[in-house]
Amino acid sequence: MLYDQVVLRYGDLMVKGRNRNRFEKRMLDQVKQALLAYENITFFKSFGRLYVKLNGHPHEPIVDRLKDLFGIVSLSPVISTEPDLEKIREVALALMQSVPVKPATFKVSAKRAWKPFPHTSQEMNHLVGGHVLRAIEDLKVNVNHPDVELRVDIQEEATYVFYEVIPGAGGFPFASNGKAMLLLSGGIDSPVAGWLALRKGLEIEAVHFHSYPFTSEQAKDKVIELAKRLSYFSGEPIKLHLVPFTEIQTTLVQAKSDNLIITLMRRAMMRITEQLAERNKAFGIVTGESLGQVASQTLPSMNVIGRSAQLPQLKPLIMMDKHEIIRLAERIGTFETSILPYEDCCTLFLPKSPSTNPNLRIVEKIESLIPNYTELLAAAVEGTEELLLTPVVQTTVHTAGEDSWF
Amino acid sequence: MLYFDHSASTPPYNEVVQTMMEVMKSQYANPSSLHRFGMESDKLIERSRALLADRMQTNKGSWVFTSGGTESNNIAIKGVARQYASRGKHLITSQIEHASVYEAFAQLETEGYRVTYLPVSKTGHIDVEQLESAITDETILVSIMHVNNEIGTVQPIEAIGRMLKRHPKIRFHVDAVQSLGKLPIAIEEWGIDLLTGSAHKLRGPKGVGYLYVREGLTLYPLVSGGSHEGGLRAGTPNVPGIVASAKALRMSLDKREQWLIKMQQLRNQLLAILGEIKELKLNGAEPLAPHIVHFSYPGMKPEVVIHMLEQHGIMASTKSACSSKDDKPSRVLLAIGASHEQASGGIRISFGDEHEERDITALGAALHKIVAQLKPLERRLT
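Quick mapping for you: the protein sequence lines, in order, are chains A and B.
Read in order, the letters of the first sequence are residues 19 to 424 in our numbering.
Read in order, the letters of the second sequence are residues 841 to 1222 in our numbering.
Keep in mind that the hints were calculated from the coordinates and are not lab data.
C-beta: ideal position from N, C-alpha, C; glycine also.
Subject to a maximum C-alpha distance of 27 Å in a straight line, what follows is the list of computed DSSO-like cross-link-like pairs (lysine-lysine):
id, chain 1, residue 1, chain 2, residue 2
1, A, Lys120, B, Lys1005
2, A, Lys340, A, Lys238
3, B, Lys929, B, Lys1005
4, A, Lys218, A, Lys299
5, B, Lys900, A, Lys85
6, B, Lys929, B, Lys1009
Estimated spans, in silico, between C-beta atoms of each pair:
id, chain 1, residue 1, chain 2, residue 2, range
7, A, Gly401, B, Glu855, 40 to 46 Å
8, B, Gln1105, A, Arg345, 54 to 60 Å
9, B, Glu1097, A, Glu104, 38 to 44 Å
10, A, Leu368, B, Thr950, 49 to 55 Å
11, B, Asn899, A, Asp339, 28 to 34 Å
With the Cβ distance kept under 10 Å, some of the chain A side facing chain B (calculated, not the full set):
id, residue
12, Val415
13, His416
14, Thr417
15, Ala418
16, Gly419
17, Glu420
18, Ser422
19, Trp423
20, Phe424
Sequences are here, hints too, so could you generate the full structure?
Here is the structure:
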């Protein structure tokens, strides 16, 4: 096996100012967590980079895992060698010969960051390039558009030879920007909103409202799957709050204001989520709303709903089109789960013509007439079930029945 | 008793019987029911499916559970033919397929499809170039078996799959009933669209078939009813059978490499014995499956040999169990160019991992005795 390390690059975003140390520490924790399953992996931190030493593990699954972690701008599997011209030439040639689709053209881009090395970057381009050129038949140099750009990075601790630069997921490392609650419905949008929030370095706790027996156990399973998927990206366990919403929902349905039912429900959800946020020290609420998508997501609706809570409401999808959201959902692997046909509480008791322009005073009036409104909310918060989910725990499909049966 | 009829059916693993019993007893809810008990049953099926996908390394398709190899073959062949009839009505298969493939094609012929039954060489193998030259603009399906159930020849499935990648309109079905869990099969790498397997051929229970269906492929369903198995096969799923079948396949795959070594040893031993008995003519040639040995006794009715083997406590078969009740010479043997006499006298020995060297020695001794007894009666029976 050729590659012995994978280098992760943070980009300049991370390396500025006093936050650098904090970012780098979070990054290391996050990478360690994501690679827990691999024994003997070691790490080396350098300026703006993290080297993952494979110690015999194949690089492909590790690269696949790391490219989904946040805060990494790009990554490369590399071969490390001693800062010795002959050694570098040998490794460079072996790497060029291993390229799966035989390249017609190449160039060498050497970078001498460690100045005591006897040859300059420019000299190294020729010294390594010439060696490869002599050894591989039909290979030509193309400086402007090479098929393969062979990179030689001469650092103090080692020289790294590589040619692949794989784009990372970008963003900030997990939990480097505080914690927020995510309203997770089970639809297409909210998991994508959760992913975007995670990407920006937010720690997320998911909140799901269920109305059993009006919703099914499968709807709950579906949300658990989605939350697990999100935890895969952060590499950390995710907390899922399952809020019993049946009492509130059936009470609101009986308030005889069919066109306002969605507004009333969403306001109750915001209030419950805010209380959960307070208990769990979260400082914002992330939702999957996209402007104009449904009646509750018009600006007048969002105004009336938003006023029910004080915490900042983060809406990563607000200006995105549905097809863009779907494309992201497919990319992050939540789409297939989201479209499973189990009804969640948001689609229950839907009125024929929900209001797109609810009147705040009327809504407040209705709420004030609901007996025990505050108690109902408090009971829902008290009755909330907490699950700590990790992607490592297998899905319900993998745990069905007795293990001995399989 | 020595059971040498593994190609017909295999003794189930004890663990498989245990699973079958426990699941049957405790998980009797209908997997389509909405209650929790029903959902648990449903999850057992999904876990079985996931296990198959994991162990067979398929991620671009799904596994469907049927009632057996015959049903899987019928769903695959008729399903493709009827679904894609608007693209063409020409189908290709071989002359040596199992009855459940052969007869499915025969039925499609009566419905207006044109079928090419490819001949095989004297060794019992398909020629890939000949297969490619049989392809027309109208061709929508190629169905070739992996291991022949009678003589054990292994067809060049990988080469056929790679060739068919140049013909994207054609769906490729493989009847792998005799090879699944036994020989290496890289379903997706080889470009296989549909693959049939049968649980009781790999030490699982009877009544469960496997069918791999590549993603994006639509099959016209044979049975009308509920939307079980992704709408491909209506009918309440056989939960205990399905779970036990997944286990049987997993166990077979776990033991596959040791199994292969052992089968080759037993086979070499048996071939050496057959070499000593000049009356017996070996059928088929390499590449052959390691667990099937097929020979003829020209001039002797095979049933007589089978009955005499039974007197020695040995169970073997004439031809395929599915067509052993008729007297006609074997279609497969005629296809490899055997004489009418040789084709009428086929005897199949198929063994498994419960057999040891001494069992083959016993079989050899019995065959020596039987041939010596029958020698004066050659060509006297009609």
